[in-house]
Structures are given as structure tokens and as C-alpha cells.
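Chain A is already provided as a structure; the job is to place chain B on it using the hints.
The residues making up each chain are set out below.
Protein chains: 2
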Amino acid sequence: MDKVVNSLREAIRLCGLEDGMTISFHHCLRGGDAVSVQIAEAIRSLGIRDLTVAPSSLTSGNDGLEDYIRDGTFTRFQTSGFSPALGRLLQSGGIRQVCELRTHGGRPAALKRGDIRIDVAFVAASTADRNGNCNGIGGHSAFGAMGYSLTDVRYARKVIVITDELSPYAVAPVSIGQEQVDYVVPVETIGDPAGIATGAMRPDRSPLNRRIAELTAKAIICSGHLREGAAMQTGSGKISLSVAGQIERYMMDRQISGDFAMGGITAILVRMRKEGLLRTLYDTQSFDQTAIRSLAEDPAHCEVSAEAYASPLAKGGPIVDGLDFVILGATEIDVDFNVNVITNSNNQVISGAGGHGDTAEGAKMTVITAPLFRGKYPVIVDRVTTLTTPGRFVDVFVCQEGIAVNTAVQKNRELADRLRDAGLPVLDIHDLQRRAERYTGKLPPLKPGGRTVGLVYWRDGTVLDEIKMNDEL
Amino acid sequence: MDKVVNSLREAIRLCGLEDGMTISFHHCLRGGDAVSVQIAEAIRSLGIRDLTVAPSSLTSGNDGLEDYIRDGTFTRFQTSGFSPALGRLLQSGGIRQVCELRTHGGRPAALKRGDIRIDVAFVAASTADRNGNCNGIGGHSAFGAMGYSLTDVRYARKVIVITDELSPYAVAPVSIGQEQVDYVVPVETIGDPAGIATGAMRPDRSPLNRRIAELTAKAIICSGHLREGAAMQTGSGKISLSVAGQIERYMMDRQISGDFAMGGITAILVRMRKEGLLRTLYDTQSFDQTAIRSLAEDPAHCEVSAEAYASPLAKGGPIVDGLDFVILGATEIDVDFNVNVITNSNNQVISGAGGHGDTAEGAKMTVITAPLFRGKYPVIVDRVTTLTTPGRFVDVFVCQEGIAVNTAVQKNRELADRLRDAGLPVLDIHDLQRRAERYTGKLPPLKPGGRTVGLVYWRDGTVLDEIKMNDEL
Numbered sequence: 001m002d003k004v005v006n007s008l009r010e011a012i013r014l015c016g017l018e019d020g021m022t023i024s025f026h027h028c029l030r031g032g033d034a035v036s037v038q039i040a041e042a043i044r045s046l047g048i049r050d051l052t053v054a055p056s057s058l059t060s061g062n063d064g065l066e067d068y069i070r071d072g073t074f075t076r077f078q079t080s081g082f083s084p085a086l087g088r089l090l091q092s093g094g095i096r097q098v099c100e101l102r103t104h105g106g107r108p109a110a111l112k113r114g115d116i117r118i119d120v121a122f123v124a125a126s127t128a129d130r131n132g133n134c135n136g137i138g139g140h141s142a143f144g145a146m147g148y149s150l151t152d153v154r155y156a157r158k159v160i161v162i163t164d165e166l167s168p169y170a171v172a173p174v175s176i177g178q179e180q181v182d183y184v185v186p187v188e189t190i191g192d193p194a195g196i197a198t199g200a201m202r203p204d205r206s207p208l209n210r211r212i213a214e215l216t217a218k219a220i221i222c223s224g225h226l227r228e229g230a231a232m233q234t235g236s237g238k239i240s241l242s243v244a245g246q247i248e249r250y251m252m253d254r255q256i257s258g259d260f261a262m263g264g265i266t267a268i269l270v271r272m273r274k275e276g277l278l279r280t281l282y283d284t285q286s287f288d289q290t291a292i293r294s295l296a297e298d299p300a301h302c303e304v305s306a307e308a309y310a311s312p313l314a315k316g317g318p319i320v321d322g323l324d325f326v327i328l329g330a331t332e333i334d335v336d337f338n339v340n341v342i343t344n345s346n347n348q349v350i351s352g353a354g355g356h357g358d359t360a361e362g363a364k365m366t367v368i369t370a371p372l373f374r375g376k377y378p379v380i381v382d383r384v385t386t387l388t389t390p391g392r393f394v395d396v397f398v399c400q401e402g403i404a405v406n407t408a409v410q411k412n413r414e415l416a417d418r419l420r421d422a423g424l425p426v427l428d429i430h431d432l433q434r435r436a437e438r439y440t441g442k443l444p445p446l447k448p449g450g451r452t453v454g455l456v457y458w459r460d461g462t463v464l465d466e467i468k469m470n471d472e473l
Numbered sequence: 001m002d003k004v005v006n007s008l009r010e011a012i013r014l015c016g017l018e019d020g021m022t023i024s025f026h027h028c029l030r031g032g033d034a035v036s037v038q039i040a041e042a043i044r045s046l047g048i049r050d051l052t053v054a055p056s057s058l059t060s061g062n063d064g065l066e067d068y069i070r071d072g073t074f075t076r077f078q079t080s081g082f083s084p085a086l087g088r089l090l091q092s093g094g095i096r097q098v099c100e101l102r103t104h105g106g107r108p109a110a111l112k113r114g115d116i117r118i119d120v121a122f123v124a125a126s127t128a129d130r131n132g133n134c135n136g137i138g139g140h141s142a143f144g145a146m147g148y149s150l151t152d153v154r155y156a157r158k159v160i161v162i163t164d165e166l167s168p169y170a171v172a173p174v175s176i177g178q179e180q181v182d183y184v185v186p187v188e189t190i191g192d193p194a195g196i197a198t199g200a201m202r203p204d205r206s207p208l209n210r211r212i213a214e215l216t217a218k219a220i221i222c223s224g225h226l227r228e229g230a231a232m233q234t235g236s237g238k239i240s241l242s243v244a245g246q247i248e249r250y251m252m253d254r255q256i257s258g259d260f261a262m263g264g265i266t267a268i269l270v271r272m273r274k275e276g277l278l279r280t281l282y283d284t285q286s287f288d289q290t291a292i293r294s295l296a297e298d299p300a301h302c303e304v305s306a307e308a309y310a311s312p313l314a315k316g317g318p319i320v321d322g323l324d325f326v327i328l329g330a331t332e333i334d335v336d337f338n339v340n341v342i343t344n345s346n347n348q349v350i351s352g353a354g355g356h357g358d359t360a361e362g363a364k365m366t367v368i369t370a371p372l373f374r375g376k377y378p379v380i381v382d383r384v385t386t387l388t389t390p391g392r393f394v395d396v397f398v399c400q401e402g403i404a405v406n407t408a409v410q411k412n413r414e415l416a417d418r419l420r421d422a423g424l425p426v427l428d429i430h431d432l433q434r435r436a437e438r439y440t441g442k443l444p445p446l447k448p449g450g451r452t453v454g455l456v457y458w459r460d461g462t463v464l465d466e467i468k469m470n471d472e473l
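Taken in order, these protein sequences are the chains called A and B. Under the UniProt record's numbering, think of the first position of the first sequence as 1, with each following residue one higher. Under the UniProt record's numbering, think of the first position of the second sequence as 1, with each following residue one higher.
Careful, some of the hints might be misleading.
Chain B is nowhere near these chain A residues, computed Cβ spacing over 10 Å in every case [unchecked claim]:
id, residue
1, 70
2, 252
3, 319
Taking CB as the label site, the calculated pair distances span [to be verified]:
id, chain 1, residue 1, chain 2, residue 2, range
4, B, 13, A, 256, 50 to 56 Å
5, A, 208, B, 169, 34 to 40 Å
6, A, 471, B, 13, 57 to 63 Å
7, B, 13, A, 228, 41 to 47 Å
8, A, 413, B, 13, 45 to 51 Å
9, A, 228, B, 117, 39 to 45 Å
10, A, 113, B, 10, 52 to 58 Å
Worth flagging that the hints you see were computed from the coordinates, not collected in a lab. Note that the Cβ used here is the ideal one computed from N, Cα and C, for glycine as well.
One chain only, chain A, in its complex shape:
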């Protein structure tokens, strides 16, 4: 029953990986990931080419894949998004086939429909035993929840667990059980968990962000959604973390306790849980060391699969459908409240769809927060460069100058009145757009892109938008 194979190369050979097949891995180690390049190197050394890579997402930790894309080892990606470096490669035509971008919930739905078919799933685990039982909370490289891989192993033909802490004893608790694992490969390192809290997850206390956070918290409080038993996703962006702090204080003052918080779990949610303000944390991916420790220690901090979290094909609907409110970011929002989180206004792919569309569709109240402009770019535009989340799922946009309510959605008319009655600065989104343009001027129209290099899928499997080559890159 021993499944230990001493090299990735050998495990891949045993799985029968061939040219043109599909592999997957998770991105839970984020900027600290050291697994994807080891996988790529082993595959290349076997002379296997033309693979589709279907990871949960791509971050800076995966930038080393560039070499293996350029030489044709990897020729297509099915992913939530790209790191800026891999985005540049995509849009300069460096990836041979058209890539597919899906939300975190769209991905398990695509797996269920068979639109993505994983031949070999690679699962980085911070500890595993010789039979393949593993988790992300034990070992010296603990990174927390492995929610994406929980889904992968359900659908993949073969599963290889990669660990830098092979336990001679049965691993417990079991996140992925041995019945779903074919091989276990010990490696020197799966990565540096210190790289997890990079980029998006660092809090920030600038006056601008504080102002937006304050308005956001007020809008949520006035909406009535922050009630006893509320369910929330507060997000991990700079503004989101600050809003969470204000929600925490409000709940504490009023002695309100929420039902659950979900998503990438952060230290502030763990603190709220310890303070009795949240009963349950649903975690697909732990966003900092505090969250990782909490997942290991707190039975009410639950690791959940991406499928449970966000798949529209989860029975009765995924956990996101129970959200009272979610706080999300945007690179752009347009006057119809459509949101872009994949590209910037220069049509450069810089991030991914993540759980944005899933939570936006699921939550009763979806709040988009962003500054009015970033440098010379207004955030509010006539039409988003890349449609990530359709405006019909967005209720409120908050920036430093006020709150725009999407009253094209019937239920939001009362919300707008309520916020206005509470004395909050409710403005038409066109007004906010004009204010932004006072600082930035109107954006010149984008140079038409080149050929299509990526397709952005909505969670129901339909195509929302296309990503074009960017000749400036």
C-alpha cells in the first residue's frame, strides 16, 4: 500500500502522462510556491509536451513556468487568472493556445460538466503519510486550507501528493484521504509559506482607504444586512481588511454575532471568531499565518472545497448563496456596474476572476470598493475593458467621494433610499465618473487588441468576454 515514489519524474511516468493531456495544481502557497516549477521540470525531462495546465490560479509563485511555456511543454491554461508576468506572456502571444479563465466556482462546475478534464492532479501538502493521507496544516510548510485540491481529487484521473514532510505515521486530520491518492512524492521543499501573505493580503491604513472603508461599513450597516446571524465574506484587499475591522467593532458594540464568514480566511476573521462574533469560518484557502494556525486548532474553522464554496452545481447551491454581504474590489467598474478584476485599463492581465463573480451572484448585497481613480486612470469607465462580473450582480459601489447604488436592480431602490435617509453620500455612478474624470480626464479609447488569447467564462459555462493580445507588451 506504500505509495511513496522517490521522484516526481517517476510518479508522472507511473501516471501515464502523455503529450496533450491536462494537469492541475493549487495556488494556496501563492507567492511562496515552489512546486509548480518542480513539476514542470520533471515533465520536461520526460519529453512530454503540449500540456494543458488547469491550476486553481497562477500567482507570482508560478512565474518560473515561463520557460516551460516558451519551449512548448505547456501550451494552454485553464485558470482563474494570471500573475502580471504570466499575463504579459499571454498577451504577447507567448502561450500557444487560447486560454480559459474561470471563477473559483466556475472551475469545479467545469470539472463536473467535463469542460475541464484533469489527467493528473498535483497536490502540494505540508504533510502526508506513505498512503497518501495529507493536509496543509501539519509540517513546517503549513499553508492552511487546500480547498481547491479537495475538488481536483474528486475529478482527476490520477493524483500525486507532493510533500516536504513525509510522516512515517498516519496523518491526521485528513484533508485528502488515501482512497483518492495514487502516489506520494517527498521533495526538499514545497515552498515558503511566508510568501502567502504577499500582494493583496497586506492591510493598509492610508486615509483614502480608511475613508472608503468607513463609507462601506456604514452602507452595510444601514442596509440591514449586518444583523444577528449574518453571513459575510469580507475579502483580503486593503480596503476590505479595514472594513472588516469596522464591522468587528460594530458587532461587538451591538452584541451581534454572525453565522459564518468565508473565502480566503484572514487574521481579522479569526479574531472575530475568537471574540464570539462569528460562529463558523469556511476556508478554501488560508490567507495568513493566523488563519493557518486557527484552521489547525479551531473545530469551527472548517476547510471546505471550492465546489462547496462556490460551484453553481453544488447541490442546493454553494455556500456563497448564503452570504448576506460580500466586499469586493475592482480594477474597473463601468456605469452599468459591470466589474473588471482581470485586466487593468491598459488591457494588461494582472490578476484573476477568483471568487468575485461567485460571491457577487450569491450574496444578498454585493459591495464593490475602490478609489475613484488610480494614478492617471479613472476606476469608473464607460465600459469595462474585461467583463468579469456582470453589473446585475453588483449592488453598491463605494469610493472616497460617495456611494453609488445599482438601482437598475429593482431591490436596490429601497436600499438607495435607506442609505440616503441615513445621511450617506449617495450619488449617481455617472456623477462619480465625472468627478473621477475631473482628476484624470477621459481615458483615450484603447488601441484595438490583436488576436484573442483568452476567454473569460461566466460560472454557468458561457463566455463573458475575450482577452486580446496587447501589442504594447
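Below, chain B without anything else, positioned relative to chain A:
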């Protein structure tokens, strides 16, 4: 997202259950089960008939189903076994179609192959939330692990969770996640967990059983399988529990610690875990209140699916394949070491295949323990009445008069020498048979049975034996 439906009847209607379909439920509440009859009543009230019932097993807690079998609501069973009362019904021709008996590992394999197709799985849970997240460790009817249902929900078309403690808040930890649940039905009671430790699970200290237990422990110790890092299933029969106590003392004296124990988990295994003698407990079904509490409190006490536990189609083999030794019972064993645990020597179905065959095939050393005779019946017979576990998977038989080693299996010849060298009473099984017959006489040949009412499947999906009608019933 609220999945609560106020009656079983309504939930069944919503699932589209129709004549001729298949339902399932688990038997973890054993003698205390109050769910199966409520399901039956709801189904009958809807006028649905001719159903196949595919529970994990049938115990005395399911005896109330008799009415619903007689009236044609249920006309076929796919199960591990029958309670004595339902066995009588089967063998008196009271079940209209031929039934199928499979081991606990054979069942998930049959689900995977499509030999069993569950239309609606009913999952009794001691607590569930309104979205369907549930477990068996919360609530006032906590019964412990729900390992069988973990497998059912993976394969069933529709899933109904039945609970007598509906939580207004998110349930944690999550044994079965909401993404796998269609409806949640609150009921007055799912049963009485005090009924769990009935029958097989009560320890016993008779001198006869102590003698057998002593010889068994000595045989295991001499075999060399009780080493540092050993994996074991000690069972829940009277003799097994006593053997476990001796193993505990030996391990403590020698400061040996085992890797894992598995199967139905009992208080003695929990104690060994607390004493540091076992690193992990793998639990498909908790056999007493101590085990139930431990599952809730000890992170190294892991709930595992029947598939992980015993399915021959689990990737790389199920957990049973890692066993160093298993202690099992028998109603009969024959001179070729074939074992019967389904019927008695009067050809009366009294129990089920359980995990007998799975662990026997998986373990390095399979020990069958039983008294030499029971009342007027010898335990050793020329040919078992019903073949449950083929002799090639049985290594040793222990009774009060000595130890028979199955030397037809090559590897056991050295074992026989080793036991003999240690001064243990190693005897030929034919000798033991003759000794038994000195007390009981030779059994008269069984009256030929009537038509076939049941088929006993081996875990690979082939038919091992048939169960015939018994005219004496």
C-alpha cells in the same frame, strides 16, 4: 439556499422517488435506529412501491421494516446483512426479489461500478444546519462516525439529511457538506444512541472467552506482527475486546506504539490512543459512547468513509490493506479455513458480512476466534453453510483448545513453526474438529434449502455463495 423541508413525505416527493427505484440509509444507530421506519412510512403514504433498499446493513433497529416488506413497499435489499428477524423473513420467502449481500468494502466498490445505484440516500445526522452541513457527533442523539453515508452521498442521485437537532447556525465540523445535500428534514427523533452498544459490542469475561483471548494475544505477539508502528483491527466481539485488553498491556509493558487502529471504534481503542499506544484511529462507525466522544474531541480520531476503509477500488488500496493483523469472529469455520458469519449451522441468516472479508483479505495476519462449539453445534465444520470469507485469506483459527494455522497458505508455514516453538498449542484443524465433535457429535447434513433468496458477493463483484429459503422458519 434553505433546504429544510418539514416532512419526509415532502422531501421524498421533491426527490422524484418512483416505483422500482433504490434508496439507502446507514446503520450507525444500530439497535437504536428510529429513522428507517419513518422513511418507510413516508414512502408508503405516497403509494410508492417495489423499492430496492440498499442500506449499509440491517440490525434489530430496522426490524420494523417487516410490515413494509410484506406489503410490497420494499421488495429487494442490497445490504451487508440482516437482523435475525429480517433474516427469518428473507428465508421464509417474505422478500419478493433475490437480495444481495456485500461486505462494507464491497458495497462502495459496487456503487463505483454501478452495480448499486442509489436514487435517494437518507442520512440520519445528529445535527444538521439548514443548508445540509451535518455530522454525527453534535446534538443529543450523537452516534459518532457516519462513514457509510460519506460514501453514499458521493454516488446517490439525491440526498436527504434527517436530523433531530436542526441547528440555526452553520454546523461544524462538517462530515457531509452542503454541496452534497438536497434536502434537510427535521424529525422528532432519529433514534436512541443507547441502542448502539447492543449485541456484539458488549464485553464479556467468561473463563472460556478469556482462554481464547489469551491464546489469540499470544499468537499475535509470537507472530511478530505486534511491532512498533503496527496497524490493527481488534473488532468488537466479546473475545476481540478481551484480546485488545491483552494487546494493550503488552504494548504498554514493551513501550510499543502502534500506527493506527480501525474499524468500528470501541472504548478500549480510545483508551489505548490516550495512553499513547496508538497514533491514529480510523472510524467508519463508532461502537460506544466513549468512541463517540473521542471522535468529537480527538483530532487523531478520524472519521473515514467506507470507501477509504475497505473498498478494493480505493486508489492504491483501502486502509484495510495496511493492517498488520485483524481479529475476527465466525459462526462457522471449515477445515479449509473458509469462514461463515452470515448464517448459523441451521442455515438461518443472523448477521452480515460486515468488514470481515475486507479486513481478512487486507491484513497480513487474519485471526479467527471462536469457541470450539456453541451448545450442540461444532464451530468447525466440513464445509461452511454460507461462504463469507474464503479460507485463503484466513491465517489462524483460535479456540479454547488450541491454535490451527492455515498452512495451505505458504507464508503461514513459518508462522506455525514459530508458534509451536513458543510452546503454543498448535493443532491441525481436523484435530480441533474431532475434539469439537467429541462434545457435539457430527452435525447431521442440512436439509436442502428451497429457492435462492440471497446472493453473497465477494468484494470483487463475483458471487461467492447463495442463501436458500429455510423451510423450518
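Point to revise | 10 Å cut-off, C-beta based - residue 70 (chain A) kept clear of every residue in chain B | key: 34 Å, holds
Check your understanding: In terms of Cβ atoms, is chain B entirely out of 10 Å range of residue 252 (chain A)?
Key -> 18 Å, holds
Exercise for review: For residue 13 (chain B) and residue 228 (chain A), compare the CB-CB distance with the range 41 to 47 Å and indicate the outcome.
Suggested key: Violated, since residue 13 (chain B) and residue 228 (chain A) (Cβ atoms, about 33 Å apart) do not stay within the stated range.
**Study point:** Range hint 39 to 45 Å (beta carbons of residue 228 (chain A) and residue 117 (chain B)) holds or violated
**Key:** At 43 Å between Cβs, range holds.
Exercise for review: With respect to the beta-carbon atoms only, verify the hint that residue 413 (chain A) and residue 13 (chain B) lie 45 to 51 Å apart.
Suggested key: 38 Å, violated
**Study point:** Range hint 34 to 40 Å (beta carbons of residue 208 (chain A) and residue 169 (chain B)) holds or violated
**Key:** Hint holds: Cβ distance 37 Å, inside 34 to 40 Å.
Practice item. With 57 to 63 Å as the target window, see if residue 471 (chain A) and residue 13 (chain B) comply at their CB atoms. Key: 60 Å, holds
Check your understanding: So does residue 13 (chain B) sit 50 to 56 Å from residue 256 (chain A), Cβ to Cβ?
Key -> For residue 13 (chain B) and residue 256 (chain A) the Cβ distance comes to about 38 Å; the hint is violated.
Exercise for review: With 52 to 58 Å as the target window, see if residue 113 (chain A) and residue 10 (chain B) comply at their CB atoms.
Suggested key: 30 Å, violated
Point to revise | Reported absence of residue 319 (chain A) from the contact zone with chain B (all CB gaps over 10 Å) | key: 7 Å, violated
Violated hints, in rising order: 3, 4, 7, 8, 10; the structure is consistent with all others.
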